[in-house]
Amino acid sequence: MLKRITAAAAAVALVTLGFSAPAQAATKPDCSKAKFKIGVVTDLGKVDDKSFNQSAWDGAKAGAKKISGGCATYIETTDSKDYAKNMALFADAKYNTIVTVGFLMADATAIAAAKYPKIKFIGVDQNNSTTNENLTGLIFDEDKSGFLAGYLAGYLTKSNKIGGVLAAKEVPPVYRYGQGYINGVAYAAKEQKKTIKTVVVYHEVGATMFSDPAWGATTAGQLLSQGYDVIFGAGGGTGNGALAKVAKKKGAFCIGVDTDQWFTVPEAQPCLVTSAMKSLSEGVSDLVNLASVGYSTGGEYKGDAAIAPYHALASRVPAAVQAKVKALTPKVLDGTIKTGV
Amino acid sequence: MKEFLTKRNSFIGIIVLATAFLYSKDGSITTSVVSTATAFALPLALAAMVGIMCERTGIVNIGIEGTLLTSAFAAFFVSSLTSNILLGFAASVAVGSLLGLLLAVMSVSWKMDQIIAGTIINILATGLTSFLYVQGRTIPSTFPEYDIPKLKDIPFFGPVLFMHGPLFYFGIFVILSLYVALFKTTWGLRSRAVGEHPSSADTAGVSVARLRYINVAIAGAIGGLAGAFLSLELVGSFERGFTAGKGFTALALMIFGRWNPLGALAAAMFFGMTQAYANQLMIDQVVQIPTQFITILPYILTIIVLAISAGKVRAPAAEGQPYEKENA
Chain A
1 MLKRITAAAA
11 AVALVTLGFS
21 APAQAATKPD
31 CSKAKFKIGV
41 VTDLGKVDDK
51 SFNQSAWDGA
61 KAGAKKISGG
71 CATYIETTDS
81 KDYAKNMALF
91 ADAKYNTIVT
101 VGFLMADATA
111 IAAAKYPKIK
121 FIGVDQNNST
131 TNENLTGLIF
141 DEDKSGFLAG
151 YLAGYLTKSN
161 KIGGVLAAKE
171 VPPVYRYGQG
181 YINGVAYAAK
191 EQKKTIKTVV
201 VYHEVGATMF
211 SDPAWGATTA
221 GQLLSQGYDV
231 IFGAGGGTGN
241 GALAKVAKKK
251 GAFCIGVDTD
261 QWFTVPEAQP
271 CLVTSAMKSL
281 SEGVSDLVNL
291 ASVGYSTGGE
301 YKGDAAIAPY
311 HALASRVPAA
321 VQAKVKALTP
331 KVLDGTIKTG
341 V
Chain B
1 MKEFLTKRNS
11 FIGIIVLATA
21 FLYSKDGSIT
31 TSVVSTATAF
41 ALPLALAAMV
51 GIMCERTGIV
61 NIGIEGTLLT
71 SAFAAFFVSS
81 LTSNILLGFA
91 ASVAVGSLLG
101 LLLAVMSVSW
111 KMDQIIAGTI
121 INILATGLTS
131 FLYVQGRTIP
141 STFPEYDIPK
151 LKDIPFFGPV
161 LFMHGPLFYF
171 GIFVILSLYV
181 ALFKTTWGLR
191 SRAVGEHPSS
201 ADTAGVSVAR
211 LRYINVAIAG
221 AIGGLAGAFL
231 SLELVGSFER
241 GFTAGKGFTA
251 LALMIFGRWN
261 PLGALAAAMF
271 FGMTQAYANQ
281 LMIDQVVQIP
291 TQFITILPYI
301 LTIIVLAISA
311 GKVRAPAAEG
321 QPYEKENA
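One line per chain: the protein sequences are A and B, in this order.
Quick note on the numbering used here: the first sequence kicks off at 1 and runs consecutively.
Quick note on the numbering used here: the second sequence kicks off at 1 and runs consecutively.
So that you can see chain A by itself, here it is in the shape it has in the complex:
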């Protein structure tokens, strides 16, 4: 009997340790006493995914800094059934602004916004067709930065084979990146009057689509072994795995996503020529500041798209190509040149 009790006690102790460990992480602030409270609910992914969740979280922190008495904290979603529950945790604690990150949370956010009319909701990557004034969808033209990245790739490839390793197609921002990329390559191919083969490989949709680096690396390896020499890795940890794999292949280029991954994925530096970015942090920070003065745009708010600097790889991008990309960028961003997505 005693043995059983010891065993049960040990089990409980271990489980408690397991559950409580992440909550004790030193980086997670306690906002319970702040004047203006901002809560970030991440998608199925981590707040330090070096990609979109992290950018949104950085934006919330930056926004909080500019507000007197501002404080931001987060909850990481581990199961898509918990979206509403996680938002309710913030709402019931009287948070002033709730930022939800990711397309998959759009419906849950719209429901929560209707339920808590006094709280300002910011839905990152979420199209918003509701009339709720307290809900703003922050969206981006990912196809534009994808297009620019593809255009650059079209001028860098030597094998005339360009690939992409992406999270699931069912996630619209991922799809827009991928399709913009393909069309950008096609645009560059047409300018050079040559044929370039472009393919993107998607991960299956599901809980691991943004956190499967081994799949990303293996799939990137498959493309490399078939002669693809520029590879776009997009989709949290899955894309990061692809970048890390391409970095090991001499002469190949890789392209990151969402933020300037030169800084967030240092192991990719040997191949990382640019990143297809969206200004998530700035967008979230702006909207949080608007919310702090009681203002919410409602509807949709469009953030900026761009591609990252070449950093150390500038020497491998011919000056003529750099000039071409520079000339094309404003035309794509203002819509003069259509991305076709």
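If you are wondering where the hints come from, they were derived from the structure by calculation, not from laboratory data.
Even glycine gets a Cβ: it sits at the ideal position worked out from N, Cα and C.
Hints may be right or wrong, so weigh each one.
Computed list of lysine-lysine pairs in DSS-like fashion (alpha-carbon distance at most 25 Å, straight line) [what the hints assert, rightly or not]:
(1) B:152 x A:250
(2) A:65 x A:35
(3) A:161 x A:250
(4) A:65 x A:33
(5) A:250 x B:150
(6) A:302 x A:326
(7) A:193 x A:161
(8) A:161 x A:326
(9) A:197 x B:25
(10) A:249 x B:150
(11) A:302 x A:331
(12) B:150 x A:248
(13) A:338 x A:302
(14) A:94 x A:81
(15) A:248 x A:161
(16) B:152 x A:248
(17) A:65 x A:118
(18) A:324 x A:194
(19) A:33 x A:118
(20) A:158 x A:324
(21) A:249 x B:152
(22) A:248 x A:158
(23) A:190 x A:326
(24) B:25 x A:161
Just a sample of chain A residues kept apart from chain B, beta carbon distances all over 12 Å, derived [said to hold, decoys possible]:
(25) 29
(26) 160
(27) 193
(28) 325
For this one, chain A is given, so just place chain B on it according to the hints.
For chain B alone, coordinates are given in the frame of chain A:
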């Protein structure tokens, strides 16, 4: 002849014939697909070995995912902190064995429910690796991929088998040794006896508890190898949730392979092939079917094959039951 034409052999035969046919149509693509499949398969096969080692001696281990995750984490961070990937590898094997011992303590000494014991390991792994994770660290290098001279020039088999890194070959060696050890040695006979009928083994003078401890710890070390392969050889980085469910897929492959190391290796290879071919369908864009259908192919095919081969699979008889000496 009749003995040779088993369901298993004809299944393997079909795969080999299909591969040969595809190779004759486009050699370089098929080579690339099959070598990609081996990279998909090895970590899964090693993870399945963890399950086989444990269940053959009567311990159910659903904590494989946690073992992989923790050891991949240890491999990466020890390599990063010491700038030495060999130390990272050693750390990952050590951490794997420790988790194996933890499982043994819970399930052999404390006689806990083994499903709960495995779940504890998984929860512990997620918690610890998230808590201790620091961003922005890198490792000095990954384990290099050798191009073995001469052998690598053999068409098809060269790129598929002889262009991998050291942990890959070590993994294959472990799988083959485990097969020999399990079915051709005294240790293997005793281990299986303990998994099937512990009281008989006990009567014959085998210490059930001791053997279970040893085997579960060795299994943990193999899990450590799988984790190190993922973070130090295949990818070269670590992210939270890095193993993405491979430890659970491995359990299915273990059953598919009928608790036999070679069977599980073949099952993992089959699963890897379906993944690589699913990718190739998207790369070639020959058939215009929605990607949703392509990406679920590996799982559907595995379910179909499992359903066909089911019925004859039988788990070790004593698995999941703590052994208590009868008081005569």
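Identify every previously stated hint that the structure contradicts and give their numbers, smallest first. none
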